[in-house]
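Number of protein chains: 4
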Amino acid sequence: MSSASPSPTLAQIQASVDAWISQWDEGYFSPLSNLARLTEEVGELAREVNHSHGDKPKKACERTGSIGEELADILFVVATLANSLDIDLSEEFAKTMAKYDLRDAERWTKAT
Amino acid sequence: MSSASPSPTLAQIQASVDAWISQWDEGYFSPLSNLARLTEEVGELAREVNHSHGDKPKKACERTGSIGEELADILFVVATLANSLDIDLSEEFAKTMAKYDLRDAERWTKAT
Amino acid sequence: MSSASPSPTLAQIQASVDAWISQWDEGYFSPLSNLARLTEEVGELAREVNHSHGDKPKKACERTGSIGEELADILFVVATLANSLDIDLSEEFAKTMAKYDLRDAERWTKAT
Amino acid sequence: MSSASPSPTLAQIQASVDAWISQWDEGYFSPLSNLARLTEEVGELAREVNHSHGDKPKKACERTGSIGEELADILFVVATLANSLDIDLSEEFAKTMAKYDLRDAERWTKAT
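Protein chains in written order, with the numbering used here: chain U, 1 to 112; chain L, 1 to 112; chain Y, 1 to 112; chain C, 1 to 112.
Don't read these hints as lab results, they were simulated from the structure. Predicted model, so just to flag it, every value in this text is computed and none were measured.
No copy is singled out in the list; a pair is fine if it fits within one copy or between any two copies.
In silico DMTMM-like links for lysine to aspartate or glutamate, alpha-carbon gap of 20 Å or less: (1) Lys99 with Asp18; (2) Lys95 with Asp18; (3) Lys95 with Glu69; (4) Lys99 with Asp88; (5) Lys99 with Glu69.
From just these sequences and the hints, can you work out the full model?
Right under this line is the structure:
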């Protein structure tokens with residue numbers, strides 16, 4: 001997967017989101033409110049995935065969306081929630097990759 | 001937010017996930033199955049957020065988790081779903097930041 | 001909570017949903033597709049709850065909805081998924097009430 | 001679908017949930033906290049559906065659950081959220097059935 005535009009780091013994404021939110025007086029939502037927003041975005045992704053890869057026909061009046069767009073919206077809310085709780089996503093992602101290596105080592109069949 | 005470990009780019013995250021999944025014969029799940037996995041991870045995040053910031057007491061037998069860990073698990077599934085559909089998250093995130101700038105410009109009160 | 005209209009039983013709800021779906025040649029969606037639909041409906045509920053009880057302002061162009069409407073849509077999808085897998089919700093709900101009685105007996109403070 | 005046990009009405013379900021919650025001093029959670037709980041339960045359903053009907057293998061240590069059990073847990077939270085906001089699910093479900101009749105009349109192919 002190659003991209004014309006340079007790829008942002010997780011730290012840059014968290015900084016961009018913070019810069020964006022700091023523009024506004026309201027600041028960060030509460031954790032439960034950000035979680036609800038994440039649930040809403042995952043619901044929009046579900047609609048798109050079901051439309052493209054599931055059994056659900058789309059109503060004519062529904063706006064054209066895209067799976068990529070919904071995934072990016074989810075990234076945005078993940079970064080927002082992380083920022084609001086002072087969580088370093090880079091560090092957490094490194095831990096997750098380490099965890100997956102260990103935890104799932106026996107679950108699948110190694111490709112040869 | 002500063003991090004000791006270097007921050008991965010979205011492209012590096014997508015490449016790491018792809019390297020991890022390519023180890024296994026089963027390969028990528030179907031889009032609907034990856035979506036179900038994302039729903040499961042968001043549910044685990046909801047439990048953690050509700051425990052720390054909501055009204056729900058945690059049962060003694062529930063494993064200790066953390067919001068950061070659940071957010072990283074969500075990033076992992078987002079990257080998996082993106083890979084399986086050949087979506088470039090860097091490009092999509094750039095579009096989302098542009099969209100937010102335009103769409104929400106009037107919704108909040110500009111900080112002065 | 002009293003209602004002017006008679007209250008349907010879970011069995012009647014499952015029968016109504018079945019009658020509705022049996023009108024159409026397509027029949028029931030796959031379990032993963034119905035799950036995606038449930039995720040979508042829960043996302044719509046999240047938007048309404050966040051709007052009425054959270055921190056998120058609603059965009060002017062978003063359609064007027066209601067929490068009650070979204071809850072009923074969720075009931076509809078729950079009944080659909082149950083029907084498609086030949087699950088008797090009445091029986092399952094009876095088991096859940098029994099489980100809650102046992103499981104949570106120690107978690108909260110008994111009202112006196 | 002026939003059931004040995006009598007099927008509860010939605011009004012009875014709302015009354016049972018209210019009786020159960022009224023036992024405890026804490027009373028109803030806030031709407032955002034109940035929404036988070038619903039998100040958690042839908043996540044548990046996603047795990048079960050993915051295990052039985054998707055691509056995801058289940059870890060040996062995960063507790064045995066069932067799709068029916070998770071659907072009933074969702075009904076419980078839906079009734080809880082409805083009660084806490086004084087919503088009559090019977091009335092809302094009647095409106096939903098009416099809406100579905102109208103809205104989707106043209107989307108599928110009528111069985112003959």
